[in-house]
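Kindly produce the complete structure, drawing on both the sequences and the hints.
Residue numbers (this note's numbering), protein chains in the order written: chain A, 322 to 883; chain B, 12 to 802.
No wet-lab data here; the hints were simulated from the structure. Computed from a predicted model, the values in this text were never measured in an experiment. Just so it is clear, CB atoms sit at the ideal spot from N, CA and C, and this is done for glycine as well. Check the hints yourself; a few may be wrong.
Below, a list of computed lysine-lysine pairs in the DSS-like style, where the Cα atoms sit at most 27 Å apart [unchecked claim]: (1) K606(B) x K812(A); (2) K816(A) x K112(B); (3) K780(A) x K149(B); (4) K606(B) x K707(B).
Rough simulated footprint, nothing fancy, chain B against chain A, three-plus residues with beta-carbon under 8 Å [as the list claims (entries may be wrong)]: (5) 405–419; (6) 623–629; (7) 755–765; (8) 805–817.
Label pairs and their computed distance ranges (CB to CB) [unchecked claim]: (9) V648(B) x E831(A): 29 to 35 Å; (10) G360(A) x P277(B): 57 to 63 Å; (11) E687(A) x R683(B): 50 to 56 Å.
Here is what each chain is made of, one letter per residue.
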Amino acid sequence: MNGASALLPAVLALPLIGAILVMLLPKDEDGLARGVAMGVSLLTFGLSLAILVPYDINPSHGSMQLVFDKEWIPGLGAHFKVGVDGISLLLILLTTFLTPIILLSARTSITSKVREFCAIMLILEVGMLGAFMALDMFLFYVFWEIMLIPMYLLIGIWGGQRRIYASIKFVIYTMLGSLLMLVAIFYLYAQYGAVTGEYTLDLMSLDKLVLPHNVQVYCFLAFALAFAIKVPLFPLHTWLPDAHVQAPTAGSVILAGVLLKFGVYGFLRFAMPLFPYGAAQMAPYIAYLAVAGIVYGAFVAFAQSDVKKLVAYSSVSHLGFCMIGLFALNSQGIEGSIYAMISHGLTTSGLFLAIGVVYERRHTREMSEYGGLWRQMPVFAALFLICMLGSVGLPGLSGFVGEFLTIFGTFIADKSFPVGWDHFLPHPMLLAAAATTGVIFGAVYLLYMFQKMMFGELKEQNKGLQDLSWREIGVFTPLVIGIFVLGLYPKPIIKVMNPAVDQFIRSYKEKLAEPDGPAHIKGLPAPGTEVPTAEAPSEAGDTPPNEAVAPNPAHGEPGHID
Amino acid sequence: MEKTSKLLFLIPLLPLAGAFLNLFVWRVLSPSTGRLRQSDKLTHYTAILSVLAAFVLSCYLIGGPLWEQFNVWRKLGEGKPEIMGGLHQSVWTWIEVGSLKINLAFRLDTLSAVMLLVITGIGTLIHIYSVGYMHGEKRYPAYFGYLNLFTGMMLILVLGDSLPVMFIGWEGVGLCSYLLIGFYFDEDKNANAGRKAFIANRVGDFAFLLGICLLFYATKSVNFADLQSAASISALKDTFVGGERMAFMIGLLFFIGACGKSAQIPLYVWLPDAMAGPTPVSALIHAATMVTAGVYMIARMSFLYAHSTTAMAIVAGIGALTALFAAIMAFAQTDLKKVLAYSTVSQLGFMFVGVGIGAYTAGVFHLITHAFFKAGLFLAAGSVMHAMSGSGDITKMGGLRKLLPRTHISFLVYCLAIAGIVPFAGFFSKDEILAGAFGAHAEGWAPLYGKFLWAVLSVAALGTAFYMFRLYFLVFSGENRADAETKSHIHESPYSMTIPLLILAAFATVIGLIGLPHLQGVHLPTILHDWLAPSLVNFERPSLLDAKGLPSVGEGHASDAMTLGLMGVALVVGMVGIAAAYALYGRGPSAKVAKMCETELGGEVHRVVYNKFYVDELYEASILAPFRATARFLYEVVDRFLIDGIIVNGSAYIIDVLSRLARWFQNGQVQRYLVGVVIGGALIFYFASSPKLGFKYEQKAGNLVEFRPDVGEGMDAKGALIEFDFDLDGEPDHSASFVPGQDMIVPYSFGGEGSYKVTMTMTDSVFKKKYKVTRTVHVKGPDTGREGGAQ
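If you want it as structure tokens, here you go:
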């Protein structure tokens, strides 16, 4: 363990210390609280950028770097173990990048309990960063739950009219989903202990455990429920519009910008690598739900008159692209999915901030209340337009790269590789085509929104609106620059994630190729394999026969849709 | 044979930089940041110079390195490479994931060179024209910024070395089109038109994206050079769905993309509405450049289309139908720009027939000539509307010949060009398409398909001459029909507007000479044909010809008499159209037409044509209204009611009810708890005493079967009476008391092989409750023992 490995705990500790510091400030020193929080969040961003210095961009293998490991709860085998790979690093940077922007945007929108707000934002940042870094299941679970509390408070205290309903719905929904995951974590823990005699919650160790196929399906489902709610995957999405609409702008931005990504991240980091067979079995179903979400989210977004709800539903649609890319299980699909997450973090944050700007001025989210704002607020219009187009997926802006890669990955998905695809129609190509309709629908509802708000005649009640202040321009500028840079020069980001994704696919394939049978460590025979157990044959009816694992050369032949 | 050029990226970058300066830098730097005013001069000089610089640079690169390469290529003898690479520059790697690698790379070959000259050349003229036309506009910098942005995007589109890079430009021009159509966005109508354009284009882009995916799936490459390799071509010949080749499906997808951008049936509806934008925009984007992108794309991918005659037939067929259909719709329009819009749709149809029948040169040739005369027509229309206080209603015009002399003369030249009168530009290009269609035939096509296309196009050409001269006569001859107020303001436009008009008119007169017909007797120079040969599929590239490939389009096959005869027919068709227009509209609005419209049939026909065959209404009813209804339904019923109301909040409600119930028990009264204890105890006792009853059997030697009662885990099995009834007579055949822990075996011999119903009864010793289970026992013949179990 060298000095660099203390970097990640430092990134985690910084906002935590900041939060404590903010709470220690005198009560009505709002400006000071904002200043301290801002300074701390900027420092955190700087420190997280510093991760790139010791970080090896081209590792010979895509495994974790800068690992920090300290025993935490010895009785349980839980460690305080954190580390990053290309995937989590990017999401960490997204988090630390968005936090100061949110704090800056809240300068005028949050005016009561400022000190508490700043502290909560910093604690939320700790929770998010911790969950992205955690390499110990228990630690992850703790951070995962920690995130809920500040978010709950954020909606519950600074939210809109129905904030209590929305915040309770948000918390209960998420908690409910994660309980089954906890059960599955303990099952995994027990199984690993039973096989190796060593009881640990270390992700890298647990990753080596191969469970019987049918058990994998159950465990995968337990994890998937938790993450699918977070994504949110259709039809588990109804908490999202409520939470978004009721949350203050800062809450909406952090929710859309980072929190939703935990769903996809969870699939990528936990559910899929731990239970590859289960993931492969469920892949078509999840892909269907993802495509359904893309189309459904777009339709429902179009039906909204509340602009914030519209953007909230657009997240359902956009995250559908992330999910379908993930289950294409090739590098294009998965990297597209990660890219789409980052881009969504920028564009949708931009849209929510833009809504926040007009909401602060007019205190309504009804689109019909606006109109013709371009004449009155040209600078705002231009920035809003860029965020909107980024979200539409205009090539050259960030949204396109992710969208294109996910569609592309799905389209060329090898349907003989994940076992699930094999049994299922339609062909991945048709699924990709269905997802691509999202490209049309995305333009339909976002352009409709933009027209309703920015074009048309300027209404009497909007004639006094002020264009953006320098502070507000400062809020948008980093996002807009990000949208352009990510759209035109995606290379560095793809380069960072590439080794990790390759590693993911490699180990996924390896693990998937393991034969069915009692729980065992990857590459090793199961303990007591000489004695045929009574269980294995009797379960044969529940899962497809073993040969389904082997790619069937008859399928996936190029040039045909069967 | 390709050469690397370091300057290529500057061609699109220059206009983009102009846009960046006008939209952003000047505004930030301008002293009064509050109002965001920057001087008009700074704005339009920036804009014009950036496009002009791109034009000059294009001329330099085409005239210098590319010309050299072309000459070298031409002089190569046998075995020369079929493709001349042109100039190439890779700026950086855009997207690289796994096997997919997309470079942000540009390529200047002879085909893109032609487009480059059209875009930057006509673009410069239109920028200059805009100075006069947009004078006094509040959002002057925005206008020029968008126009520059458009030019840059269009240049990316034509220079893109791979389909994804082309797609950047493809969508980018769509965005500029959206912004410029909706430039006067105060009116909802204009903003709607912009949105309609963007969404119709997006429908096309949907197919374009899938086309890219499928192309990669088939050939593992997306850039044009690799796609023309032998391996890729052979992959395109593989069979795909429906017995058609891969090339068919890919070609179809890209053609749908082209339909969106180039306003073909069924996606043409956005273009007439797009006239809501400023007129120079209509000239540049919706006539000369952007809308021809689809034609360019198909020409660029000629190697693909050449491998599916079905795809070619569809392209040509849709093109011909669009040409005719749009020409008819142009008959009854009363708005100057609307007529021109339908005319554009119609002319684009001609171009698609050209590329569809494999006469790629002809299609591109018409694209060039059309760019000149149609851009000119729009600019002239702008000049007319400028004079008429902004109105485009042709029923209120007339007699402008004397008042707008320079506009008039150029307008007349454009009309002659589009009507196909010799020697104006449109004559040669249109004739080449018509002659090509007449002689076209390919394997798999219906007999006379080429003749059919020719006939449809000839009728469309007749219509073209008619509606263009109807327009000309209504605007320029006869008496002026405007009101006095407007009349007093009529004036010729400033030179910044009329000089571009005259330049375009000069080109519209002579540009046709670059594509003189092939005659066997006299050798005429065929400049364009030779120039495009290394970039397009043609008969000089035999590797691209195969049985189901490029149709023979009569190029070089037809006799001189045939060629000249077809030219004559085309010319006559044009003349007839003009004569008919003169007869009806020579002196202003026609009384004859008015009379015809009063008859029942005439009125009906006029109404249908005037309302553009109600296609917009049809789309509204069949697509848009259901879309909105579905959206509402999904939100109100599925989302709010079903998912959120019933499933999510419903389950929460159930939990709520249950917890109220639980609360009632736990109210702190010891008596109530005691009742609970008693009831609970009784329930436990009752349920626990219900055994899971069953028995197993095993066939022993012969027909002897051993039965083993299974009394489950109930507490009351002890001492229970077990009875078996083997013969269904209701009387127990065997009875015994059950002793836990002791194996109880009941043997019984059946009569023989077969199935028997056996009933086991258990009577517990405390409550004397009886449990009964009956099941069928299969007794197999001798030697085939069998085990079974039942619960």
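Next on the checklist: To test your reading of the hints: which numbers does this structure violate?
Outcome noted: 1, 4, 5, 9
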